[in-house]
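If you read the sequences in order, they're chains B and A.
Each residue of the first sequence is one higher than the last, beginning at 1 in the numbering used here.
Each residue of the second sequence is one higher than the last, beginning at 1 in the numbering used here.
It should be emphasised that the hints constitute simulated quantities derived from the structure, not laboratory data.
For glycine and all other residues, C-beta sits at the position ideal for the given N, C-alpha and C.
One or more hints might be untrue.
[Claimed, not checked] Straight-line C-alpha distance at most 25 Å; calculated PhoX-like pairs for lysine-lysine:
(1) B/K19 - A/K148
(2) A/K52 - A/K30
(3) B/K7 - A/K336
(4) B/K19 - A/K52
(5) A/K336 - A/K173
(6) A/K52 - A/K173
(7) B/K7 - B/K19
[Claimed, not checked] Derived CB-CB ranges, DEER-like:
(8) B/K19 - A/R369: 50 to 60 Å
(9) B/E54 - A/P151: 43 to 53 Å
(10) A/M243 - B/R60: 25 to 35 Å
(11) B/E35 - A/E107: 15 to 25 Å
(12) A/E259 - B/E54: 54 to 64 Å
(13) A/P151 - B/L48: 32 to 42 Å
(14) B/S31 - A/T237: 24 to 34 Å
(15) B/K7 - A/V367: 35 to 45 Å
(16) A/Q244 - B/R60: 56 to 66 Å
(17) B/E35 - A/T236: 35 to 45 Å
(18) A/R53 - B/R43: 17 to 27 Å
(19) A/M243 - B/A20: 17 to 27 Å
[As the list claims (entries may be wrong)] Stretch by stretch, here's where chain A covers chain B in the computed footprint (C-beta under 8 Å, at least three residues):
(20) 7 to 14
(21) 17 to 28
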Amino acid sequence: MSEPASKTSDRETARASAKANLLLALYSHVSHDLEQTRAEADRLRLELGAVRGEFDQTRRHLGEARAEVERVHGQLNQTTNECDRLAVRIAELQQQLDALVNSTSWRITAPIRALTRVIRR
Amino acid sequence: MGQIVSIVIVNLNQARLTLGCIESIVEHTKDCAYEIIVVDNGSLAEEIEILKRAADRFKLTRLDRNMFFGEASNIGAEQATGDLVLFLNNDIKVTPGWIDPLVAVLENEYCAGAVGAKILHPNNELLEAGGIIRPDGWGVQVGKAGMKLPPGFADATRITDYCSGACLLMRTKVFLDLGGFDPIFDPAYFEDIDLAIHLRSIGLFTYYCGTSVVYHEESVTSNRIWSAEERLSHITTNRKRLMQRWGSYLARRLEEDLEPERLPAIRWEPEAASSPSAYKVVLYSARPLKADASSPSLLRVAAALQDCCSVFIATQEFYSRCRIYSLCREFGIDLKSFGVRQVGNLDRDACQLIVTFGGEPEPQLSVPRLAFDRDGAQLLGLIDNWMSAGKP
């Protein structure tokens with residue numbers, strides 16, 4: 001048996017009202033979700049900014065550290081070169097000294113050097 | 001208003017909270033006849049003692065273990081003497097004039113099947129001004145967490161998709177005819193949403209009543225008994241179940257003019273024990289009756305026997321008839337006439353045969369017994385004979 005017309009219209013009104021309420025509430029829910037998502041996006045953007053700032057600072061620090069390393073490295077190279085140069089020089093002088101000590105004239109003049117030391121005392 | 005409202009409150013080890021809820025009801029329910037039914041989900045003895053201090057204010061039903069919100073509510077509703085039943089969480093405090101608007105909406109609004117109140121947090125934040133169900137099955141508590149609403153939306157009386165079981169008024173008969181909170185959602189979550197769609201499928205609407213206000217602490221029990229992972233697991237499983245049942249309606253209803261399809265109707269009948277001469281058969285299961293593969297055989301045998309015997313389902317637990325009807329609906333079994341008893345409460349003299357299911361320990365009754373898994377053929381033969389003879 002079908003419902004009388006007034007009942008049908010009551011039912012249609014209730015169904016329409018139910019749908020309207022659902023859509024209104026869904027709209028509020030979706031807006032709220034969107035708002036929250038936006039707030040979250042803003043928060044993430046801020047966080048990203050902060051992280052970027054930190055990253056830049058770290059990169060700057062890294063650059064400075066790299067320069068420092070290069071400077072120290074250069075110094076080290078210089079020092080090493082100087083060491084090498086001095087080692088060569090020492091070897092040359094040692095050779096000259098050896099040659100001198102072993103030379104005939106050095107040995108002949110040995111008594112004179114000894115006498116000179118005694119007189120000076 | 002002449003109708004009695006049966007207020008059903010489920011308690012689990014929170015006697016003081018429950019008593020606080022009851023006190024608020026007693027204080028703020030003036031012009032409405034009501035009874036309070038507390039269903040205890042297996043609390044500790046000391047908690048029961050605390051509850052009993054105010055025992056003159058409510059009827060207490062004690063369950064041996066936690067049957068969870070849905071089943072405990074069904075058990076409470078079946079004991080209701082009122083035409084109206086109101087489910088109330090025990091962490092709710094009601095406010096002056098809370099109940100009359102709810103009853104008025106149920107009585108006066110067009111095809112009102114259920115009505116819920118405005119739910120506020122104790123800090124006055126809005127927790128729920130009715131609920132809506134998204135196309136993906138998630139329930140949204142309207143107005144929660146600072147959700148901006150159209151002007152007057154939270155104070156109006158209007159049709160909504162559902163109201164949470166935290167505070168929900170229905171006609172007792174309608175609730176029971178639907179099978180109550182469906183056990184397929186055990187242990188919890190989505191049973192209130194399912195109930196509301198179920199109502200809609202039989203042409204009734206759920207209303208939100210913005211002039212009835214209650215305060216709610218929310219999830220006090222569930223936060224205590226489950227970890228976050230367990231809760232998430234129940235929620236995930238039950239959303240799937242909801243979508244299996246109503247997914248097509250929920251997904252299409254915004255675009256189409258659609259109502260949810262009716263589930264098979266439940267036809268409540270009184271217990272069959274009315275005729276003292278009837279041959280009484282007890283079907284006993286030591287396993288819980290739930291929506292899994294272990295329950296249908298007992299229910300099928302019960303359905304086969306119902307026309308020629310008084311069938312009693314005996315279990316370790318206290319179950320609602322709602323539960324049995326809902327499980328039968330789930331399994332497609334047409335069982336109408338039966339009794340359900342906790343095994344300790346069986347009437348031991350008036351039973352002629354016990355059929356056991358699953359071979360677990362049997363109740364100690366000195367009557368003939370058949371084990372369904374062992375003597376199934378014999379039982380079927382008996383049933384055939386009884387059916388053809390019209391009686392045992």
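Hints, verified against the model:
| no. | hint | in the structure |
| --- | --- | --- |
| 1 | B/K19 - A/K148 | 19 Å, holds |
| 2 | A/K52 - A/K30 | 23 Å, holds |
| 3 | B/K7 - A/K336 | 32 Å, violated |
| 4 | B/K19 - A/K52 | 46 Å, violated |
| 5 | A/K336 - A/K173 | 16 Å, holds |
| 6 | A/K52 - A/K173 | 29 Å, violated |
| 7 | B/K7 - B/K19 | 18 Å, holds |
| 8 | B/K19 - A/R369: 50 to 60 Å | 57 Å, holds |
| 9 | B/E54 - A/P151: 43 to 53 Å | 45 Å, holds |
| 10 | A/M243 - B/R60: 25 to 35 Å | 54 Å, violated |
| 11 | B/E35 - A/E107: 15 to 25 Å | 38 Å, violated |
| 12 | A/E259 - B/E54: 54 to 64 Å | 57 Å, holds |
| 13 | A/P151 - B/L48: 32 to 42 Å | 37 Å, holds |
| 14 | B/S31 - A/T237: 24 to 34 Å | 30 Å, holds |
| 15 | B/K7 - A/V367: 35 to 45 Å | 54 Å, violated |
| 16 | A/Q244 - B/R60: 56 to 66 Å | 58 Å, holds |
| 17 | B/E35 - A/T236: 35 to 45 Å | 26 Å, violated |
| 18 | A/R53 - B/R43: 17 to 27 Å | 50 Å, violated |
| 19 | A/M243 - B/A20: 17 to 27 Å | 25 Å, holds |
| 20 | 7 to 14 | holds (count 4) |
| 21 | 17 to 28 | holds (count 9) |
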